[in-house]
Amino acid sequence: MSQSLPEAFIDDVKQVLENLYDFPLLNRHTLAQTTRAGQPNEPLGHRLRREVMEAVESLKPGAENGGHPNAARLYNLLHMHYVGGMTLQEVANELGISVRQAYRDLRHGHESVGEILWFNRQLQAQRPPVASPEAAVVEPVDEKFSAHNAATLLENAIKAVQRLAEQKNLRLIDSAPTVPILISTNGTVAQQVFIHVLSQAIQQAQPGDLRLSLQPLPPDHVTLELLYAPRDLQAGTLPIADAVQRFVQQLRFQIQEERLGDARRVFRLMLPAQQPTLLVVDDSQGLTDLLQRYFTDSSYKVLVADSGAAGLKLAEELRPDAMIVDLMMPDMDGWELLQRLRNNHRTGSIPVIICSVINDPELAYSLGASLFISKPLTKDRILDALRDIGL
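Residue numbers are given in numbering that gives the first Met the number 0: position 307 of the sequence shown equals residue 306, and the series is strictly consecutive.
Just so you know, the hints here were simulated from the structure itself, not pulled from any lab data. Among these hints, one or two may not hold up.
Restraint ranges, calculated between C-beta atoms of paired labels, are given here [as the list claims (entries may be wrong)]: (1) R120 - Q161: 17 to 23 Å; (2) N18 - D379: 56 to 62 Å; (3) P42 - N343: 53 to 59 Å; (4) R251 - E89: 51 to 57 Å; (5) D379 - Q338: 26 to 32 Å; (6) E165 - E89: 42 to 48 Å; (7) I96 - M52: 37 to 43 Å.
Cβ coordinates follow ideal geometry from the N, Cα and C atoms, glycine included.
Model the full assembly from the supplied sequences, consistent with the hints where possible.
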């Protein structure tokens with residue numbers, strides 16, 4: 000994730016670390032203006048220093064297992080140099096490394112602390128501007144729901160926390176299925192919930208394995224399950240930030256936690272499932288029957304229109320999540336239907352997959368097709384196409 004951090008942001012983090020005890024500088028520092036909420040009337044500089052110190056402490060490996068030697072060295076380097084005030088030469092001597100290596104590790108440390116602060120600001124950005132902490136609210140999100148692939152959200156979340164997991168000497172084992180698992184949600188906010196939950200589990204877990212699974216839970220839910228061994232056996236539930244708790248409620252997610260007999264913990268996030276509507280427009284009964292068979296055991300609801308005119312009418316009325324359109328139809332062919340769909344404000348944003356024995360993808364894309372696939376069709380090709388358009 001560090002590759003995506005702006006260089007200026009990493010430089011800001013370095014400047015704060017180098018001036019942890021200079022509160023006048025911290026009070027007017029750029030990062031102090033975007034630090035997360037603190038105690039009422041707490042000076043911005045104190046709040047920023049506390050946030051940075053917490054970020055450094057979060058890099059400390061689990062004491063009970065010793066942690067990974069490189070992770071321990073990184074934490075000790077940051078703590079001794081910036082918190083303890085030791086020179087880099089003194090730190091290098093203490094850790095038994097060269098000064099050159101210490102400088103390399105220090106750069107790594109700036110990036111690691113920066114990633115934590117960057118995530119805090121991403122989370123903070125989900126809140127609208129407020130006049131005071133007492134007025135803080137989270138923007139309602141329940142009117143922005145659409146179909147999203149939970150497996151993709153999980154994959155992106157894993158990428159965001161992978162560096163943190165490595166620093167904690169944790170291996171993330173993902174058993175999410177390769178087929179789409181669709182949920183009804185606000186994708187931007189749900190992504191941040193996934194990242195925060197994984198981040199908290201990583202920070203609470205012992206070094207070892209953290210297992211992730213994503214499974215449909217008929218009839219109307221999907222479950223994201225995290226299985227891990229906690230560092231502190233007396234710890235309570237996973238500490239979820241207040242803002243994220245509110246996001247969970249607004250997204251209609253549910254949280255369940257369980258302690259197993261072997262002291263491991265299970266954290267479950269229950270997600271509302273989404274059955275996207277797929278409208279197939281083709282005058283060939285054989286093809287529509289074939290596609291309906293393909294999707295019998297899938298999460299898609301398949302509707303059929305046997306003409307271009309019928310397809311246009313259904314698209315306007317139902318606004319399906321995607322359409323599969325054949326070209327060769329009487330009266331209104333697929334080309335005309337595609338143009339009418341794109342010129343209609345009610346249907347203009349519907350993803351349209353053109354399929355035909357006539358192989359002319361360039362024309363299809365010029366008229367606004369989302370994807371072109373040539374016949375004959377197979378189940379895998381159809382599923383791949385739907386995956387490509389985000390369903």
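Status of each hint after checking the structure:
1. R120 - Q161: 17 to 23 Å: 19 Å, holds
2. N18 - D379: 56 to 62 Å: 57 Å, holds
3. P42 - N343: 53 to 59 Å: 56 Å, holds
4. R251 - E89: 51 to 57 Å: 54 Å, holds
5. D379 - Q338: 26 to 32 Å: 30 Å, holds
6. E165 - E89: 42 to 48 Å: Violated, since E165 and E89 (Cβ atoms, about 27 Å apart) do not stay within the stated range.
7. I96 - M52: 37 to 43 Å: 24 Å, violated
In terms of the numbered hints stated before, the structure departs from hints 6, 7, listed from lowest to highest.
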